[in-house]
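Chain by chain, the residues:
There are 2 protein chains.
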Amino acid sequence: MSKTSPDLVMVGSIGLDTIETPFERREGTLGGSASYGCAAAAFFCSVGMVGVVGDDFPDGFVRQYERLGIDLQGLQRVRGRTFRWSGVYEKDMNNRRTLSTELNVFADFRPDLPAPYRVAPFLFLGNIAPELQLHVLAQADGARFVAADTMDLWINTTREALMEVIAAVDLLTLNDSEARLLAGENNLIRAARKILGWGPEYVVIKKGEHGAMLFAESGCSVIPAFPLEEVRDPTGAGDAFAGGLMGVLAAGRAANAATIRRALAYGSVVASFGVEAFSLERLIAVSRQDIEGRFRAFRDLVAWAW
Amino acid sequence: MSKTSPDLVMVGSIGLDTIETPFERREGTLGGSASYGCAAAAFFCSVGMVGVVGDDFPDGFVRQYERLGIDLQGLQRVRGRTFRWSGVYEKDMNNRRTLSTELNVFADFRPDLPAPYRVAPFLFLGNIAPELQLHVLAQADGARFVAADTMDLWINTTREALMEVIAAVDLLTLNDSEARLLAGENNLIRAARKILGWGPEYVVIKKGEHGAMLFAESGCSVIPAFPLEEVRDPTGAGDAFAGGLMGVLAAGRAANAATIRRALAYGSVVASFGVEAFSLERLIAVSRQDIEGRFRAFRDLVAWAW
Numbered sequence: 001m002s003k004t005s006p007d008l009v010m011v012g013s014i015g016l017d018t019i020e021t022p023f024e025r026r027e028g029t030l031g032g033s034a035s036y037g038c039a040a041a042a043f044f045c046s047v048g049m050v051g052v053v054g055d056d057f058p059d060g061f062v063r064q065y066e067r068l069g070i071d072l073q074g075l076q077r078v079r080g081r082t083f084r085w086s087g088v089y090e091k092d093m094n095n096r097r098t099l100s101t102e103l104n105v106f107a108d109f110r111p112d113l114p115a116p117y118r119v120a121p122f123l124f125l126g127n128i129a130p131e132l133q134l135h136v137l138a139q140a141d142g143a144r145f146v147a148a149d150t151m152d153l154w155i156n157t158t159r160e161a162l163m164e165v166i167a168a169v170d171l172l173t174l175n176d177s178e179a180r181l182l183a184g185e186n187n188l189i190r191a192a193r194k195i196l197g198w199g200p201e202y203v204v205i206k207k208g209e210h211g212a213m214l215f216a217e218s219g220c221s222v223i224p225a226f227p228l229e230e231v232r233d234p235t236g237a238g239d240a241f242a243g244g245l246m247g248v249l250a251a252g253r254a255a256n257a258a259t260i261r262r263a264l265a266y267g268s269v270v271a272s273f274g275v276e277a278f279s280l281e282r283l284i285a286v287s288r289q290d291i292e293g294r295f296r297a298f299r300d301l302v303a304w305a306w
Numbered sequence: 001m002s003k004t005s006p007d008l009v010m011v012g013s014i015g016l017d018t019i020e021t022p023f024e025r026r027e028g029t030l031g032g033s034a035s036y037g038c039a040a041a042a043f044f045c046s047v048g049m050v051g052v053v054g055d056d057f058p059d060g061f062v063r064q065y066e067r068l069g070i071d072l073q074g075l076q077r078v079r080g081r082t083f084r085w086s087g088v089y090e091k092d093m094n095n096r097r098t099l100s101t102e103l104n105v106f107a108d109f110r111p112d113l114p115a116p117y118r119v120a121p122f123l124f125l126g127n128i129a130p131e132l133q134l135h136v137l138a139q140a141d142g143a144r145f146v147a148a149d150t151m152d153l154w155i156n157t158t159r160e161a162l163m164e165v166i167a168a169v170d171l172l173t174l175n176d177s178e179a180r181l182l183a184g185e186n187n188l189i190r191a192a193r194k195i196l197g198w199g200p201e202y203v204v205i206k207k208g209e210h211g212a213m214l215f216a217e218s219g220c221s222v223i224p225a226f227p228l229e230e231v232r233d234p235t236g237a238g239d240a241f242a243g244g245l246m247g248v249l250a251a252g253r254a255a256n257a258a259t260i261r262r263a264l265a266y267g268s269v270v271a272s273f274g275v276e277a278f279s280l281e282r283l284i285a286v287s288r289q290d291i292e293g294r295f296r297a298f299r300d301l302v303a304w305a306w
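Top to bottom, those sequences are chains P and A.
Position 23, counted from 1, in the first sequence is what this note's numbering calls 23; the numbers after and before it change by one each time, with no gaps.
Position 76, counted from 1, in the second sequence is what this note's numbering calls 76; the numbers after and before it change by one each time, with no gaps.
Keep in mind the hints are simulated off the structure, nothing from the lab.
One should not assume that every hint holds.
As the list claims (entries may be wrong) - From chain P, some residues computed to sit far from chain A (all C-beta separations above 10 Å):
hint : residue
1    : K3
2    : E102
3    : D152
4    : L181
5    : R282
6    : S287
7    : R294
As the list claims (entries may be wrong) - Pair ranges (Cβ atoms, derived):
hint : chain 1 : residue 1 : chain 2 : residue 2 : range
8    : A       : D152      : P       : S218      : 33 to 43 Å
9    : A       : R81       : P       : T101      : 55 to 65 Å
10   : A       : T98       : P       : S177      : 18 to 28 Å
11   : P       : G80       : A       : N186      : 35 to 45 Å
No residue lacks a Cβ here, since even glycine has one placed at the ideal position from N, Cα and C.
Between the sequences and the hints, there should be enough to build the whole structure, so can you do that?
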């Protein structure tokens, strides 16, 4: 394992998922926001994963991370059971219900950054408790561009700490219903403008199969999702999207409206591969060349004849 | 009124709408698919309206059509009450419930094309009974490009006649849930491919605030909706979208994948103006210059930094 500093550090959950779709059921697959995010980012840059697993975490999953080229200096292995989540997707694959969540070792997770991670220039604070996001942020002396993700749970329960995170980051990602909830605004443009007023330079609102919107002081951009004929498991799509976005930004070493737009398109493409199979299966199987091929197809898809 | 042949003929409903949004309630406003469609198309080409109204139809509404430059040779005025619809929008403005529908004079509507309309090169068969769409089509000797819209009611009740319409048109527009229902396919790409197999060269799937998708044998394109800060009344957005699309195609006198893509962008822009006010109010107030201004903004919005 390299002791050099990665381009990007991503902190988040690592879990064993049990997933049911209208077509299939899988038990104990590799999941979690850090898994999907790092797998996506690793196509573009060197990425270090910060997360925790229990002693029941299969060695085979660690080897999957390694095969993806993810730096594991920040992966904590502790006594106890790994975080588990189970959910079921409805017929249209857009709505899902959580059946159970077992925090297990994730309950006492206290993410500490290995020394090389503290000087990494790009940092992604995945969807964990805002207090932990702040704890990581305080250690990230070298971070020049910080993005964070969040969810309804934190908006509803730990809003004050979340507001501190929002004030401190350069970019916030969240989905459309979470943006509405956070801002108390139904209209997404007004919601985004309100959030921009709280600190971040950029807000990315994720809309699942309907794509995403980028907001900045200077205006807004919209990007569609790559239309797929076959979606087998949408789990982790938003995380892979964020991972692709951050990976491309970190590889380019510059984050501005233009590079973020381009990076969002890559995020969309990587996420589209991810949902074609369960867990990280498809992300492990595709090459950077496959990504570039679909990126070109994506460009044609949104290239209007002006 | 000119007795020359318009570039485009649009047949559809004309109604008096009672609309309730979370913010406002309006009674007896001018509505119907032909109203919105023709108002949108009239920005770009000469358009003739085919529809029916009762003797209670306010003269002021006829003057609104005239102010928009809509050709009214095909507007039938008969004894009885005008078609009425009432509906209520939920808080997020995306879902609506129909409260009541009174067909009135629309029940016996038998659309007959005035002679100049029969030679018009572009024809749009708005969302009326498939039998009536076929009746119009049979009269349209000069139509070189025909598009049709439909809805769940006809898919569920008069499928056979609808399939005849689909086999006969060049382009079919319908919304995402209708496409799924018609094709019996949840995945939109597979649904569109199935519909393409039934005859039309193009299928446009409308997704409301999430934009639209264009499908052809050669592939697919996606176009977002223009993001709006203020939506006051979404009624007729899909009709205005189709009207803008057909108006631009008719003005250019050529329908192919490239011109349709461009026309869809204009459709999206015109529809975005339409929903900023009730009825045709905003479409009457804006100029072609306003349309072009927002078209440029729209182009920036989807112009990715490749």
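Report task. Starting from the hint list further up, note which numbers the structure goes against and sort them upward. Result -> none
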